[in-house]
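K.L.:
For reference, the chains in residue letters:
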Amino acid sequence: MRESQAYIERITRVNRNYQRLDLAVDSSLSSLRAGQALLARRIEKDYESERWDPYLRELWFPVEVLASNIVVIEQPARSNFTPGQLLSIIGPVGKPFRFRQKLRNILLIACDSTPAPLLMMLAPLLKRQVSITLVLMGSAREYETSHLPGEIEVIQANDDLTWSDMVMTLGWADQVFAAVGPGDELAQLGDIMRVMRERRNDVPANYILGVLQRQLPCGVGACHACMLSLRGARKLQCVDGPAFDLTTLRLN
Amino acid sequence: MRESQAYIERITRVNRNYQRLDLAVDSSLSSLRAGQALLARRIEKDYESERWDPYLRELWFPVEVLASNIVVIEQPARSNFTPGQLLSIIGPVGKPFRFRQKLRNILLIACDSTPAPLLMMLAPLLKRQVSITLVLMGSAREYETSHLPGEIEVIQANDDLTWSDMVMTLGWADQVFAAVGPGDELAQLGDIMRVMRERRNDVPANYILGVLQRQLPCGVGACHACMLSLRGARKLQCVDGPAFDLTTLRLN
Amino acid sequence: MAIEITRPGKYSLIVSTPVMPAAGTLGFADSYKGLIDYDKLGALVTNPVTIEPWNPASGTRLIPLDSGILLHTGLPNPGLSKVIGRNRKVWARLPIPVILHLVATSVDQVAQAGRMLDDVDEVAAVELGLRDDIERDEAVALVAAAAKMEKPLLARLPFYECYDLAHSLAEAGADALVLSAAPRGTARDSHSGRLVSGRIYGPLIKPLALRMVGRLRREIPKEIPIIGCGGIHSPADARDYIDAGAVAVQVDTATWAQPKMLERIARDLGGWIATRHKDAFLDEWNPDMGQTEALERRAAPGANRKR
Amino acid sequence: MAIEITRPGKYSLIVSTPVMPAAGTLGFADSYKGLIDYDKLGALVTNPVTIEPWNPASGTRLIPLDSGILLHTGLPNPGLSKVIGRNRKVWARLPIPVILHLVATSVDQVAQAGRMLDDVDEVAAVELGLRDDIERDEAVALVAAAAKMEKPLLARLPFYECYDLAHSLAEAGADALVLSAAPRGTARDSHSGRLVSGRIYGPLIKPLALRMVGRLRREIPKEIPIIGCGGIHSPADARDYIDAGAVAVQVDTATWAQPKMLERIARDLGGWIATRHKDAFLDEWNPDMGQTEALERRAAPGANRKR
Ligand SMILES: Cc1cc2nc3c(=O)[nH]c(=O)nc-3n(C[C@H](O)[C@H](O)[C@H](O)COP(=O)(O)OP(=O)(O)OC[C@H]3O[C@@H](n4cnc5c(N)ncnc54)[C@H](O)[C@@H]3O)c2cc1C
Ligand SMILES: Cc1cc2nc3c(=O)[nH]c(=O)nc-3n(C[C@H](O)[C@H](O)[C@H](O)COP(=O)(O)OP(=O)(O)OC[C@H]3O[C@@H](n4cnc5c(N)ncnc54)[C@H](O)[C@@H]3O)c2cc1C
Ligand SMILES: Cc1cc2nc3c(=O)[nH]c(=O)nc-3n(C[C@H](O)[C@H](O)[C@H](O)COP(=O)(O)O)c2cc1C
Ligand SMILES: Cc1cc2nc3c(=O)[nH]c(=O)nc-3n(C[C@H](O)[C@H](O)[C@H](O)COP(=O)(O)O)c2cc1C
Ligand code: FES
Ligand code: FES
Chain A
46 MRESQAYIER ITRVNRNYQR LDLAVDSSLS SLRAGQALLA RRIEKDYESE RWDPYLRELW
106 FPVEVLASNI VVIEQPARSN FTPGQLLSII GPVGKPFRFR QKLRNILLIA CDSTPAPLLM
166 MLAPLLKRQV SITLVLMGSA REYETSHLPG EIEVIQANDD LTWSDMVMTL GWADQVFAAV
226 GPGDELAQLG DIMRVMRERR NDVPANYILG VLQRQLPCGV GACHACMLSL RGARKLQCVD
286 GPAFDLTTLR LN
Chain B
46 MRESQAYIER ITRVNRNYQR LDLAVDSSLS SLRAGQALLA RRIEKDYESE RWDPYLRELW
106 FPVEVLASNI VVIEQPARSN FTPGQLLSII GPVGKPFRFR QKLRNILLIA CDSTPAPLLM
166 MLAPLLKRQV SITLVLMGSA REYETSHLPG EIEVIQANDD LTWSDMVMTL GWADQVFAAV
226 GPGDELAQLG DIMRVMRERR NDVPANYILG VLQRQLPCGV GACHACMLSL RGARKLQCVD
286 GPAFDLTTLR LN
Chain C
4 MAIEITRPGK YSLIVSTPVM PAAGTLGFAD SYKGLIDYDK LGALVTNPVT IEPWNPASGT
64 RLIPLDSGIL LHTGLPNPGL SKVIGRNRKV WARLPIPVIL HLVATSVDQV AQAGRMLDDV
124 DEVAAVELGL RDDIERDEAV ALVAAAAKME KPLLARLPFY ECYDLAHSLA EAGADALVLS
184 AAPRGTARDS HSGRLVSGRI YGPLIKPLAL RMVGRLRREI PKEIPIIGCG GIHSPADARD
244 YIDAGAVAVQ VDTATWAQPK MLERIARDLG GWIATRHKDA FLDEWNPDMG QTEALERRAA
304 PGANRKR
Chain D
4 MAIEITRPGK YSLIVSTPVM PAAGTLGFAD SYKGLIDYDK LGALVTNPVT IEPWNPASGT
64 RLIPLDSGIL LHTGLPNPGL SKVIGRNRKV WARLPIPVIL HLVATSVDQV AQAGRMLDDV
124 DEVAAVELGL RDDIERDEAV ALVAAAAKME KPLLARLPFY ECYDLAHSLA EAGADALVLS
184 AAPRGTARDS HSGRLVSGRI YGPLIKPLAL RMVGRLRREI PKEIPIIGCG GIHSPADARD
244 YIDAGAVAVQ VDTATWAQPK MLERIARDLG GWIATRHKDA FLDEWNPDMG QTEALERRAA
304 PGANRKR
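Residue numbers (the working numbering), protein chains in the order written: chain A, 46 to 297; chain B, 46 to 297; chain C, 4 to 310; chain D, 4 to 310.
No lab work stands behind these hints: they were computed from the structure.
Just so you know, not all the hints are guaranteed correct.
Unchecked claim - Which chain D residues stay away from chain A? Per the calculated CB distances, all over 10 angstroms, these:
1. Arg96
2. Ser109
3. Arg220
Said to hold, decoys possible - Listed next, the in silico PhoX-like pairs over lysine-lysine satisfying Cα-Cα at most 25 angstroms (straight line):
4. Lys43/D with Lys90/A
5. Lys43/D with Lys280/A
6. Lys85/D with Lys90/A
7. Lys43/C with Lys280/B
8. Lys92/C with Lys172/B
9. Lys172/A with Lys43/D
10. Lys172/B with Lys147/B
11. Lys43/D with Lys140/A
12. Lys280/B with Lys85/C
13. Lys172/A with Lys140/A
14. Lys90/B with Lys85/C
Note that the structure is a prediction, hence the values are computed from the model and not measured.
Where is the CB? At the ideal position from N, CA and C, for every residue including glycine.
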């Protein structure tokens, strides 16, 4: 974990609602892996005009790492960024996702959340010939996917978080990652888990992973504001997350 | 006095340290005259993302009013503006400068201040064939004047606020406007007044006017934070200013 | 709407909107004419007034802070009789009740002011301002002296003394409690280099004062209304105070930064919910809209919907 | 530098830089390794510790505010003996003294904790945290119990109780007063729609706490050092506390937003004044400088001067 500077090198609109920022980052961040995030804060060149609004850093999950120290971030198009903007970055935050060894089929869920935390795995998994299904639930259904690789199957869930062929999709998937938030993420994950269990009564350990995106005050394990209760243990979202096994996480 | 919206239509760099903003303003502001100012605040289009840092409005003295509702503002080049930025404007703030009827020669002084409050009078006075001398004192000496009309004589004062030919300049001038601030403006005006009196022992009423630019909390005469003590009266910078006769203003 | 913001009784103050300016922000009468639609407000609270004239503070009066300011004006005013003489005609014309903010100086002066004000029909109620660090006995005596008036009496409590004083001042005769005056603080004036003390304003004051209102609402007898004040910068902020138990709110320095915000809050809490961009009438969707944008929208009537 | 930040005597705490983190911001030991140069700090103040384990708060823990946050963590910790067991090796390796923040629960528990801590050489001093709204008698009893320890005792006062408690706690045996803990407030959680209470942090707290430090410094006996805490976000903020009479300062949530700010403040007050852009050595002109900019500057060495 270290702090470094980055700057916005390029901004590209990818669809009606989203834009992508190419960040030129410190070389220490080029080994970033899917699941790891950055804590970003806009700064001025001279460091003399510190602004404290917004106060905390934003949690950014890169969607791609390009060659030559470029990390790509996806942001709502309405966010106001300018090329050349300087950033202070703390990272990498969190642990890389751990995939099953013999992963063939993966199910990704975005529920009332941008799928951003799930996008960085797409390219490497496709390269490994893994089949990917992305289910959009709740407000995530408004997310346009035309800029994502064509090989990905995209499903719009119903209002009750189900979709047709759900039993089949679940049977077929070797592993599930569900990104939720902001809001009461644990309740959202509880809902997803309930719907899953109704369709598949054996949910093995590390089969469904919840991906949390709550705002992190410190991001380094100091403040303990992000503490979670797991079966028999306490974990920190910032240090041990963002993915937690839903069979052990204590959901509200 | 009213509130209206404006937007930044164009930004032009006028010299190494300054830029000019062309503001498209409400038609109620096109009759603005030299001495009057605007209280400006950046706003968002949707009004939903009110930011409170910076908290108070900025006091902007236009340097020119162009045809078709365009008001020109001069700002340090390091200030970060974008064309299209929406502004909320309260104005006009204050009373227009009152010039002597038979004005032939005018002396303008900027002391530790940008001369911005004095620039809007330049074009109309030149048109009336008035000769203009601009004296830059203190940190105002760093102000580059190459973009100002060539007819204006520019003088760099010495560290003690004097300049060569000062007695002559003062004898020749029919009226003096001295812009000061930020900082302890009344003390600065006191220093200027002292130097003047040493050179010219009769200082008639309304001969030397101090131009104040202190930040105004309300700008409409409500908060009384800008109250000044004059001989026998209290005045408000926002309502009665920005120019005050230095023979009546109580200086510290 | 008709909201009783002081203790029920023979003399009580009823407003049609539970939103008003805090003392010191809107001047003595109609300084904000043309900028704020007064008849949308519940009442006008005047700048602080003393019996004798007070001079403005010398030295630094304003220090900008991160999302806030330090202010120390010295409460300049020409004295009670001049304030009445110069403003009563405008007060009479205002479409809303006037609450005169009286600075509590001494028991004698407060009593004298009360007698004067009972004869001023243009003043509907009096708000008594108590100094910071005041002792409870003195505060009680001042409120009791003011409560001899026929007009309803609001007591505005110093920030740090709220818990200590609230009960006693309600018992001493205050018909409503205003919680609270802005807290005092110290900041450095970058020009003079000196530490300066004054009142602190800004949105971060809101959570502090809101907690006081919530707690004291549970502790103070129900018949004493509480008026919430401190750091209100949006309709949502104001509604939070109402939810925490305040009967009405006072908006302070937000008005200086964005005058229409006071009106927008009043419209919102008064039931004229500000409608949104889409499909709203030109004159109501956003009270801040200036002619520039109005013309723009008229020129391209479809543009609005696309946003 | 050698600055005595507790009352002079047999056991007193000397630091080399008058800057440290506030309890709860830097974790129990070295969470900020790699981000902050610990040997530039005066001391480490740990997260709050209780004798028994405490669970994290349920419900909303964080609400973003304008230039600030509301936070309610519940002070989770695994209990004193586990905290000591898990961290003492790291504490021993740290180049600075460790101040353990002990939550004052009951007189018995505080006394028990004191006995345990006297045997822990890795802990240089104890800071006692008192709950909000505490009665003076109880606070005095808690401080007196903690003062039986051999180690120096700092008492951290609740924001609203500072004036009420300061004298008594100094008399009861506190070797230094930390002014103050963050004030409690209430804000609405936009997700759940509920009003939530917690501590308020942000730059606007600074003028409020700074005034307390200035006033109490004039009232409290000179031999009791005051450590200033509240809303420090820059070296200038920290210097204001020192000017107002504090012997040292604690930086709170600014560290989370900008970790190097804590180090920058410590360098500044410690005499390693952060040099400016021009003509500075690469490794010192700005501690936040990342490799990106370093490389850029090396590639174009003249570019720096032109800015
Ligand atoms: C409506 C109203 C009426 C009032 N009426 C009265 C009244 O009748 N009588 C009365 O006594 N008060 C009255 N007051 C209170 C008075 O205005 C102040 O509260 C009182 O003067 C205390 O000063 P302070 O709050 O500025 O305290 P402080 O901030 O503690 O200032 C006290 C002094 O110390 C200096 N100082 C402050 N901070 C520092 C620092 N960090 N380092 C060094 N020096 C510092 C200040 O410059 C000041 O001189 C009234 C207040 C109000 C609102
Ligand atoms: C180190 C430390 C140790 C402590 N130890 C103890 C201890 O041993 N014993 C102890 O009693 N306390 C202790 N406390 C204090 C305790 O954490 C709280 O101060 C206490 O519970 C009071 O709650 P509050 O401050 O949240 O008050 P409030 O904000 O007034 O909240 C009280 C209740 O009202 C609700 N509420 C708040 N605002 C509103 C509103 N506007 N409208 C409606 N409802 C509202 C809240 O949800 C809450 O349930 C300790 C504190 C610290 C820092
Ligand atoms: C005894 C006393 C006399 C005061 N006299 C004056 C005065 O003559 N003029 C004045 O403007 N303020 C006077 N004040 C007000 C205070 O100086 C202070 O300005 C006031 O409490 C408001 O604080 P603020 O300006 O920081 O908001 C007086 C206060 C006290 C206690
Ligand atoms: C009697 C008592 C018991 C408490 N027990 C716990 C606890 O078990 N777990 C915990 O996290 N906090 C506990 N607290 C702490 C408070 O809930 C509160 O979180 C603490 O005062 C810090 O406030 P903050 O989280 O808003 O900063 C307790 C407080 C009291 C008064
Ligand atoms: S965000 Fe602070 S411990 Fe996780
Ligand atoms: S700025 Fe408020 S009265 Fe002049």
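K.L.:
Which hints, by number, does the structure contradict?
P.N.:
5, 6, 7, 8, 9, 11, 14
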